[in-house]
Amino acid sequence: MLISSNKLLSFFKNKYPIGHTLKNDKLLFEFTNELKQRYLKNAPKLQQVHYKKQKDLVKNALGTHTFKRQQHGGKLKAKHEIAIAEQLRTAPEPLLKALVVHELAHFKEKEHNKSFYNLCCHMEPEYHQLELELRLFLVLQQEALSFY
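If you count the sequence shown from 1, position 69 lands on 69 in the numbering used here, and the numbers rise without skipping.
Hints are supplied without guarantee of correctness; some may be wrong.
[Stated by the list, open to error] The list that follows gives simulated cross-link-like pairs (lysine-lysine, BS3-like), each with its CA atoms no further than 30 Å apart: (1) K52 - K108; (2) K23 - K13; (3) K41 - K52; (4) K41 - K75; (5) K75 - K15.
For the record, the hints were derived by calculation from the structure and aren't laboratory data. Quick caveat, the model's predicted, so the values are computed rather than measured.
When you get a sec, could you build the whole thing from the sequences and use the hints?
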């Protein structure tokens with residue numbers, strides 16, 4: 001009903017008149033690393049953040065946090081990477097931030113539990129509202145309704 005009456009599209013156009021400027025991997029990495037440094041100072045180093053092409057946003061995750069351990073001689077090396085769905089290049093910045101916060105929270109909490117969501121809300125107080133709006137944004141994208 002919201003889609004057919006264009007109310008959802010109007011809501012997004014009014015609330016988010018412009019998209020974000022984090023169009024390449026370097027800018028996305030800087031944005032993510034700044035949030036990590038602000039809220040997760042003692043967390044492991046972030047190696048890479050990039051946009052990743054995904055065929056189906058509904059079935060696949062919007063973002064992924066990868067933790068890899070590699071052994072080099074006698075040393076064990078850990079690598080933390082975050083991949084964000086390519087389709088979110090056009091998302092409003094607060095929605096992108098909510099997803100980045102979600103993936104960063106996995107540095108401290110691997111499972112989606114109360115501590116995990118408390119950490120998300122610490123990094124972004126409006127996390128739950130933004131998560132809902134992100135899901136609605138995906139509905140607009142699935143319906144091929146663009147507002148930028």
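Distance restraint between K75 and K15, which requires alpha-carbon spacing of 30 Å or less: 50 Å, violated
Decide if the proposed pair is consistent with the structure: K52 and K108, CA atoms, cutoff 30 Å inclusive. 23 Å, holds
Would you mind confirming whether the straight-line C-alpha gap from K41 to K52 stays at or under 30 Å? 26 Å, holds
Satisfaction of hint between K13 and K23, Cα-Cα up to 30 Å: Holds, because 20 Å separates the two Cα atoms, which is no more than 30 Å.
For the pair supplied as a hint, K41 and K75, confirm whether the alpha-carbon distance does not exceed 30 Å. 23 Å, holds
Hint 5 alone, counting from the list given before, is not met by this structure.
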